[in-house]
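> Residues per chain, in single letters:
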Amino acid sequence: KQEVTQIPAALSVPEGENLVLNCSFTDSAIYNLQWFRQDPGKGLTSLLLIQSSQREQTSGRLNASLDKSSGRSTLYIAASQPGDSATYLCAVFDGTSYGKLTFGQGTILTVHP
Amino acid sequence: GAVVSQHPSRVICKSGTSVKIECRSLDFQATTMFWYRQFPKQSLMLMATSNEGSKATYEQGVEKDKFLINHASLTLSTLTVTSAHPEDSSFYICSAGVGSDTQYFGPGTRLTVL
Numbered sequence: 001k002q003e004v005t006q007i008p009a010a011l012s013v014p015e016g017e018n019l020v021l022n023c024s025f026t027d028s029a030i031y032n033l034q035w036f037r038q039d040p041g042k043g044l045t046s047l048l049l050i051q052s053s054q055r056e057q058t059s060g061r062l063n064a065s066l067d068k069s070s071g072r073s074t075l076y077i078a079a080s081q082p083g084d085s086a087t088y089l090c091a092v093f094d095g096t097s098y099g100k101l102t103f104g105q106g107t108i109l110t111v112h113p
Numbered sequence: 114g115a116v117v118s119q120h121p122s123r124v125i126c127k128s129g130t131s132v133k134i135e136c137r138s139l140d141f142q143a144t145t146m147f148w149y150r151q152f153p154k155q156s157l158m159l160m161a162t163s164n165e166g167s168k169a170t171y172e173q174g175v176e177k178d179k180f181l182i183n184h185a186s187l188t189l190s191t192l193t194v195t196s197a198h199p200e201d202s203s204f205y206i207c208s209a210g211v212g213s214d215t216q217y218f219g220p221g222t223r224l225t226v227l
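So the protein lines, in turn, are chains A and B. The first sequence begins at 1 in my numbering and counts up one residue at a time. The second sequence begins at 114 in my numbering and counts up one residue at a time.
Treat the hints loosely; a few may be bogus.
A short list of chain A residues far from chain B (calculated; beta carbon distances all over 12 Å) [what the hints assert, rightly or not]:
#, residue
1, E15
2, S28
3, S69
4, S70
5, G83
6, T96
Not everything, but these chain B residues come out facing chain A in the computed CB check (under 10 Å) [as the list claims (entries may be wrong)]:
#, residue
7, V117
8, S122
9, F147
10, Q151
11, Q155
12, L157
13, G174
14, S202
15, F204
16, Y217
Derived from the structure by calculation, the hints contain no laboratory data. We put the CB at the ideal spot given by N, CA and C, even for glycine.
Could you build all of it, start to finish, from the sequences and the hints given here?
Here it is as structure tokens:
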């Protein structure tokens, strides 16, 4: 059974810092991995999706890497801003026909001015 | 594009009543819809997967008679929490799948059972 773990559970940083969020998964036979953002009481916003054949994806100040063989992914946020404060979730897709996602428990990020 | 809506966004009900939550894909047809449950400060747990016109597939430990899922069309799925109890209070999120590897998530519904 796939298990996804995110470290740290919570992170508080001053504005402007670069930071790294970690995600690990137990079964390396994944189809893709996705990073989401969730604001309090809201749904999920997809940030980056990395296919299993890819090593990284970039969008603006965000960069996600994937090391499938070791079962790890990182989300790098450059020059953090207070507006980045949210919960960040990673999820892996196992490639089955109906698209089941397995989520990590999330990292709560607080960026203070 | 690819917008998913949920209605209602919040609902408060008395213990023993049933509550229906709607999930709609507004500008696309979804081959599959998913229902998740999220407890405070915890991750999303998949409850069930449904395809239009067929019975939902429930995850282990999810009571199918308590959480009724109807997938009436390619743009609408409903989750009915029957005989709700306080322990059913949670944040319910749906997603709509396009193909096998892309899901678009709804904004969620906060259910509070008194």
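> Taking the hints in turn, state whether each one holds.
Quick rundown of the hints versus the structure:
| no. | hint | result |
| --- | --- | --- |
| 1 | E15 | holds (24 Å) |
| 2 | S28 | holds (17 Å) |
| 3 | S69 | holds (20 Å) |
| 4 | S70 | holds (22 Å) |
| 5 | G83 | holds (19 Å) |
| 6 | T96 | violated (8 Å) |
| 7 | V117 | holds (8 Å) |
| 8 | S122 | holds (9 Å) |
| 9 | F147 | holds (8 Å) |
| 10 | Q151 | holds (9 Å) |
| 11 | Q155 | holds (6 Å) |
| 12 | L157 | holds (5 Å) |
| 13 | G174 | violated (13 Å) |
| 14 | S202 | violated (14 Å) |
| 15 | F204 | holds (8 Å) |
| 16 | Y217 | holds (8 Å) |
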